[in-house]
Each structure stands twice: as C-alpha cells, then as structure tokens.
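S.K.: Here is how the chains run, residue by residue.
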Amino acid sequence: MKRVASLILVLLFAISCTKDNPEGPSPDDFDRKAILENWADNIIIPAFTDFSDKAEELKTKADVFTTNPDQQSLTELRSAWKTAYLSFQHVSMFEMGKAMDLRFRDNLNIYPTDTTEIQDNIQTGSYNLELPSLNDSQGFPALDYLLYGLGEETGEILTFYTAHQDAEAYKSYLTDLTNRIDWLTKQVLNDWTSGYRNEFVDNFGNGANASIDMMVNDYIFYYEKYLRAGKIGIPAGVFSGSSLNTHVEAYYSKDFSKALFNEALDASQNFFNGTHFESQQTGESLNSYLHFLQTMKEGTDLASLVNTQFEAVRTKADHLNANFALQVETDNNAMLSTYDELQKNVVLLKVDMLQALNINVDYVDADGD
Amino acid sequence: MNLKSFLPLALVSILFVSCDVSNDDTDIKTPATYEFSRNGSSTISFSGQTTRINMATELTGAVNDFDNSTEELLLEMYRNQTADGGDTDPFSNSDLNSATKNIKGKVAASSDFFSSNTALSAEIKNQFEIWLKNQVEEVFPNKNTMASEGVAGQIADGSSTRYVNGKGFEYKQLVAKSLIGALMADQMLNNYLGTNVLDAGTNREDNSSETLSEGNNHTTMEHKWDEAYGYLFGAAANPAKPAIGEGDSFLNKYLGKVDSDDDFAGIADEVFDAFKLGRAAIVANDYDLRDEQAQVIRENISKVIAIRAIYYLQGGKNAIDKENPEYGTAFHDLSEAYGFVYSLQFTRVPNSESSYFTNSEINAYLAQLEEGNGLWDVTPQTLDDISADIAAKFDFTVEEAAN
Chain A
1 MKRVASLILV LLFAISCTKD NPEGPSPDDF DRKAILENWA DNIIIPAFTD FSDKAEELKT
61 KADVFTTNPD QQSLTELRSA WKTAYLSFQH VSMFEMGKAM DLRFRDNLNI YPTDTTEIQD
121 NIQTGSYNLE LPSLNDSQGF PALDYLLYGL GEETGEILTF YTAHQDAEAY KSYLTDLTNR
181 IDWLTKQVLN DWTSGYRNEF VDNFGNGANA SIDMMVNDYI FYYEKYLRAG KIGIPAGVFS
241 GSSLNTHVEA YYSKDFSKAL FNEALDASQN FFNGTHFESQ QTGESLNSYL HFLQTMKEGT
301 DLASLVNTQF EAVRTKADHL NANFALQVET DNNAMLSTYD ELQKNVVLLK VDMLQALNIN
361 VDYVDADGD
Chain B
370 MNLKSFLPLA LVSILFVSCD VSNDDTDIKT PATYEFSRNG SSTISFSGQT TRINMATELT
430 GAVNDFDNST EELLLEMYRN QTADGGDTDP FSNSDLNSAT KNIKGKVAAS SDFFSSNTAL
490 SAEIKNQFEI WLKNQVEEVF PNKNTMASEG VAGQIADGSS TRYVNGKGFE YKQLVAKSLI
550 GALMADQMLN NYLGTNVLDA GTNREDNSSE TLSEGNNHTT MEHKWDEAYG YLFGAAANPA
610 KPAIGEGDSF LNKYLGKVDS DDDFAGIADE VFDAFKLGRA AIVANDYDLR DEQAQVIREN
670 ISKVIAIRAI YYLQGGKNAI DKENPEYGTA FHDLSEAYGF VYSLQFTRVP NSESSYFTNS
730 EINAYLAQLE EGNGLWDVTP QTLDDISADI AAKFDFTVEE AAN
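Chains as they are written, first to last, in the working numbering: chain A, 1 to 369; chain B, 370 to 772.
Bear in mind the hints are in silico, worked out from the structure with no lab data behind them.
Where is the CB? At the ideal position from N, CA and C, for every residue including glycine.
Each hint should be verified, as a subset may be incorrect.
Claimed, not checked - Residues of chain A placed beyond 12 Å of chain B at every Cβ, according to the derived structure:
hint, residue
1, 79
2, 131
3, 134
4, 148
5, 149
6, 182
7, 198
8, 276
9, 307
10, 311
11, 363
What the hints assert, rightly or not - Derived DMTMM-like pairs (lysine to aspartate or glutamate); straight-line CA-CA distance at most 20 Å:
hint, chain 1, residue 1, chain 2, residue 2
12, B, 470, B, 498
13, A, 82, A, 266
14, A, 186, A, 199
15, B, 691, A, 95
16, B, 512, A, 130
17, B, 512, A, 136
18, B, 691, A, 199
Let the hints inform the model, and build the full structure from the sequences given.
M.R.: The structure is reproduced here in structure tokens:
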C-alpha cells in the first residue's frame, strides 16, 4: 500500500512539475526592478496619497460634525467615511514597511467591531488606542457603528451626539478615531515618500527578503485572508459551518458591503495587471512577468487564467445583494459560490504563479491557538 | 459477489495483513474500534480522565479571563477545592463541580516516576500554582499596558493579542502545554501503561479469571488500560472511533497536528491501533502482547511532545530571526515551546525506566529561555541548540519536526 501511495505521489508531483517551464526563460532574466518601480510609483504611492487625502477629509468632516452635529453634517461625515473606506481598499494589501510596523490594516479594519468595548471606552473615557486589544474598537468598522449603528433612525443616532448625557464622550471618541486613521496613514505615506520607496525598489533581487517575494506574499495573503475569507468566506460560514451575518464588512451601514468588496476585487486585479492607480494604463506586473516566462497551465497561459478567474468572481458577485448581511440571511448559496470562485484564484496565484516565479510562501496558516 | 461488496472486504483483509506484522505469533486481531463488552454491555470506563481534560480546558480558558478570574478562582480550578480543603464550585460545568476529581492530584503523580520521588512531584505540582498566581499578580494589573522588556502586558501576534509577563512568556501557554506532559502523558505512559499499575496486586489473576472489580463490568486491569486511553481520547465526541485531533486542546489535538505533517503521517493510527490491540490482548490474557503495545504508545506519544517542542522552538526562531522581529508571534510560539519542553521530562523511552530527558536537563533548557530578559533577548542559536538536542534523542530531524 505504502509503495502504491508513494508511486501515486511521485506521479502527481511529476504531473504538476510539467506545468513548470524548464526550457523557457528563467525568472532571473526578468527586469524585476521595473515591476517594483511600477508598483511603487504608479500604484502604491498614488493609492496611499489618495487614501491619505480621503482620511484627512474624513477627519475634517468629523470635526465639522462634532462642532455642529446635525443632519447635514452627519450626512457629509457618512459620505466622507464611505469615500475613505473605498479608497482604503486600494492600500489594504500593502502591509509592508511602516504599515507592517504599525499594524496598519489591523488598526483600520478589524470587523466585526466590538461594540461593548466601544461603549466601555466611551463611558470610562480612558483608553489607549495603540493597544492591540483595542484594534477591534477603532478604525472604519467602529466608525460604521458610531455613524449608523447607535440607533435605528438617523434622528435617534444624532441624539447620541447632541442630547445624550455622554454626548461629549461620543464626540471625542469619534474625533479620536478619525484622527488616528489620518495620523497612521500619514506615517505610512511619509515613509514611502521619504526613503522606503528607494529601499523597496533597490531590493530587486530574489530570495525570501527581496521586495518582490515579500510583496507577492503580502498580496496573496491579502487575497486569501482579507478578500476571500474576510469579506465573503467568514460571513458565509465557510470556516464555522454556519453563516455569520454580523461578520460582514460595514455591517451597520447595511448596503455598503458589496461596494467595498467590488472595490477590493478591482484593486486586487489591478495590482496583478500592474494597472496604474485610477487609470487604464498598465505597467510591468505579475501579469507581464508570467507572460515573459511563458507560463502555461494545461495549455492556457496562466496570466489569462487568473484574469478570467477574476472575471468569474465578478460575475458571481454581480448577483449579490448590496447588503451582504441580507444576502447571507436570504440566499447564502450565492455567497458560497462567490467564495468558490475566489478560491480557484488562490490555487492559480499561490500554487501555479509562485512556482513559476520561484517564490516561496512565507506565511503559514495560524494553528488556531 | 459484486465489486461493491468486495471492496470493503479487500480493505479489511489489508488491515488484517498489516496487523499481522506486529502480531505474528498470536491470532489476536486489532479491533476496528475501541469497543469492548462483556455480557452484552460495555467494559470501557474512563470518565475520570474525561473529567480532568474538561477541567484543564476550563482552567486554561480562565487564565486570560480578566473580567471573571481571580487568583483564588484559578487555584480552586486547579485543585477543585478551597485553600483550606473545603468544597468549591469553580467550574461553569456543574458536572465538574460535583466531581471528586481534580487536576493537581494527578500532576507529576505517576507510579513509575513519582511514587518515590515526592519532593519533585510536589515541586512540579506547585509550579503550576506559581504560574497561575503570577498571571494574576503580574499580568492582570497590566492587561492594558503594552508589553516591553521587563514589563508585563499585551503584545500583538498578527491580529491576535497575547498577554505576556515581563520576560515575554504567556502563562496560559505554560500551563496548558505543560499539563500535556505533567498530567496527560505522565499518567498515561508512566502510570497506567506500566506494569506497576497494570499488574498491581492480584490484577493478573483477576483478569485471567475475569474477576470483575466490585460493582463494575470490567477487571481492574482493563480499567487501568482504559484510563490511559482516556487521557488521549477521553474528550473525543466518539471515543470508540475518535476523530484524530478533535475534542480537546491537549494530547489528541497535537497528535493530530503531528499526524498531519507528511513526515509523520500514520502516527495517530499507530497509537490508536496499539491501544486497541493492547486492550484486546488484556481480554485474551496475552500480557506480552499488551506490554509490546504499551511500548509503541510510549514511543509515539513521547515523539509527539518532542516534535511539537521543536516545531514551536523553530517557529519562534523564525519570527525573531528577521530584520523586524515579530515578537508577539515569537513569544506565543516560544511559550508553547516552553510547555512542550517542560513536558519532555514526562516522556518515556520504550523498554526502559526513564524519560527522554531528566528534570534537571529540562530545567537547564528552560533556564536558557528565561535568562536575562527572557524571550526578549533569547538568541536563534539557543533555540537551534535546544532543538538539535531534542531531535538527537529521536529518529527524526529538526527540519522534519519544524515544517
């Protein structure tokens, strides 16, 4: 039995190895620096610049609102929150350098948010938002709760900032959260523009600590954990066995979860294709790297397969309700089939692409304890 | 006969063939499940082990429960009695509160290792109390402080928050992973699977003559073997055919982890089969076959502990050994490693009277981890050295254990 099993394994391995391209160009011959330059100059820095502007606008609108909390200023603040949250989807995958040091993504977008902890922070007024244990009571999800979740009606929500006995505390918590998003973002952007960009681009070799290996790992980690699992799989109950409607992104604003997902899906595909931020123009990318290597899978070029798969995800997602919580409650199968399409690209990116690029996965699934 | 009914038969025959290898001079077969009965009812009994696993689960869950736990409560969960020996209800599960069992009494309490080594037994029992006390005294007041060198508090491990002491150790992991050795493995390998216990008193005569222990449907020897089994699979949903790796966060969980590593695939079946065959051997009065199976279990359970010790030492090393060390991740891994290394003193070299590492050898390794600022300044070299020392005692490499 054992021998048969190992023979099968050897055969499987041999089959999978034929996907590789031993006769074709070597990954080492590709101009990796050109990819890094395109990523840094045309995608990452413009995306952080845009997000930093939106975060500052969010902070400004929060100041306007807390100075004069009314229907009008709340509407504007909500709008600024949405704009910034959408923009954030374009930088969330770049958790490296300063962003990694600051644990940027965990500070800005852990959901579901801990409403008990938020209330506790507001009541006591003593909180240190730098503590990792408070990651789930700040950032966009906490603002989602503060702007949409405190009551059923807009008027009722407004009273928490006006007539409520703790109105001052609610206002200062809101201010602290928007200030912190702005401040963290400025640090990350500033790091990219004041030295890290060159460090990133000049580290164009290959190996575990090279920029391209780290970036590609971060990208796939993001795709797997945050896009596939966080936005779709976890609420759909893929990992828990039963669906969790409260675990969708932007749960309290109700109709915004799909917009965030679509934005993140676009951002993920744009990164793969090297599409410049807010432009149709493309530059050197994972797509062009795979083309250079003439990487094929079962007779089709791998980069096209990845893009086809992104489209398949988009097609499935088109059928989803704007409010994923509602989607989970009414027809979770549509969520699950979106997840399945997302999962197919994990295989293409994490197995086939990494093999072609000769990059090793540098993360493992946490063992859950 | 159609193919569908033939296939299971073929599989079963393969199973028999493979079992015959370890069992060529008897005709005792390895049963498919851990189910044994007499006069139409089951002879299996290990409720005391299930109780202790559940107590250990509640205790480790309470270590970081800042809102509800106190030093008093944690110690009562460990002892299942008050400081002055009174009755107490520290658990949320009422079955555990009414139980007369406790964790502490079975920590470092095996017949083979500790019956005439009571000073060390007391020291180890007490070590757990020290960790629990320190948790409340050092970490609880600092739960909202960022941990730094010499300062207890919280630290991020990816998206998780870990609570550590001033040297970077998570008491929760120290307690949980050390219990795997001090409670589960010690009781299993050095108590219930040893001839001191299996053959105590008139156990052999009674077993051979099917003289049942009073009020029970099992012989004492059968029960002792079941109790060993219970420390591994006593919390499984279906203990007769347990899902490997599921049901608890102690030995079974890590047997499952090791089994899912390709380098050690099959180890869980080896252990499960040895338990079943040994129990069948007791029923058939074949005590040599029984003892052979005990050695198989000793070797493999010891390996599981050693493999996980190295796995976490190397995981911690990889997290520290980079330009921007991931301290939170490293501390979590190394706290688990500490517990597994601690547990190594309760392992058992097959066909011997000794563990793979003595208490003083283990203490020397732990001292290296604790030295100075502890995990804040432990070096990759130290972690590699300890890993290599452990692997050298077994038939696997550091690399095989680490991946």
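S.K.: Now, for every hint given, state plainly whether the structure supports it.
M.R.: These are the hints, each one checked on the structure:
Chain B leaves residue 79(A) outside its interface by the beta-carbon criterion, the shortest separation being 29 Å against a cut-off of 12 Å. Here residue 131(A) does not stay apart from chain B, with its beta-carbon only about 6 Å from theirs, under the 12 Å limit. Not every C-beta of chain B lies more than 12 Å from that of residue 134(A), the closest at about 9 Å, which undercuts listing it as non-interface. For residue 148(A), the condition that its CB be more than 12 Å from all CB atoms of chain B holds, with the nearest at approximately 24 Å.
At the 12 Å boundary, the C-beta of residue 149(A) stays outside the reach of chain B, the nearest C-beta of that chain being 22 Å off. For residue 182(A), the non-interface assignment is confirmed: its Cβ lies about 21 Å from the closest Cβ of chain B, beyond the 12 Å cut-off. Distance check on residue 198(A): its Cβ is at least 16 Å (rounded) from any Cβ of chain B, clearing the 12 Å threshold; non-interface status holds. Here residue 276(A) stays apart from chain B, with its beta-carbon at least about 29 Å from theirs, past the 12 Å limit.
Non-interface status of residue 307(A) relative to chain B is upheld: no Cβ of that chain comes within 12 Å, the nearest being about 30 Å off. Even its closest Cβ contact with chain B, about 30 Å, leaves residue 311(A) beyond 12 Å, as expected for a residue assigned away from the interface. Non-interface status of residue 363(A) relative to chain B is broken: a Cβ of that chain comes within 12 Å, the nearest being about 9 Å off. About 17 Å separates the Cα atoms of residue 470(B) and residue 498(B), which keeps this hinted pair within 20 Å; it holds.
Proposed proximity of residue 82(A) and residue 266(A) is supported: the alpha carbons are some 17 Å apart, at most 20 Å. At most 20 Å may separate the alpha-carbon atoms for a hinted pair to count; residue 186(A) and residue 199(A) meet this at roughly 19 Å. A threshold of 20 Å between alpha carbons decides the hint, and for residue 691(B) with residue 95(A) the separation of about 16 Å falls inside it, so the pair holds. The hinted pair formed by residue 512(B) and residue 130(A) meets the criterion: a straight-line CA distance of about 13 Å does not exceed 20 Å.
Note on residue 512(B) and residue 136(A): the hinted pairing holds, with a Cα-Cα distance of about 16 Å set against a maximum of 20 Å. Under the criterion of a C-alpha separation no larger than 20 Å, the hint pairing residue 691(B) with residue 199(A) is consistent with the structure, at around 17 Å.
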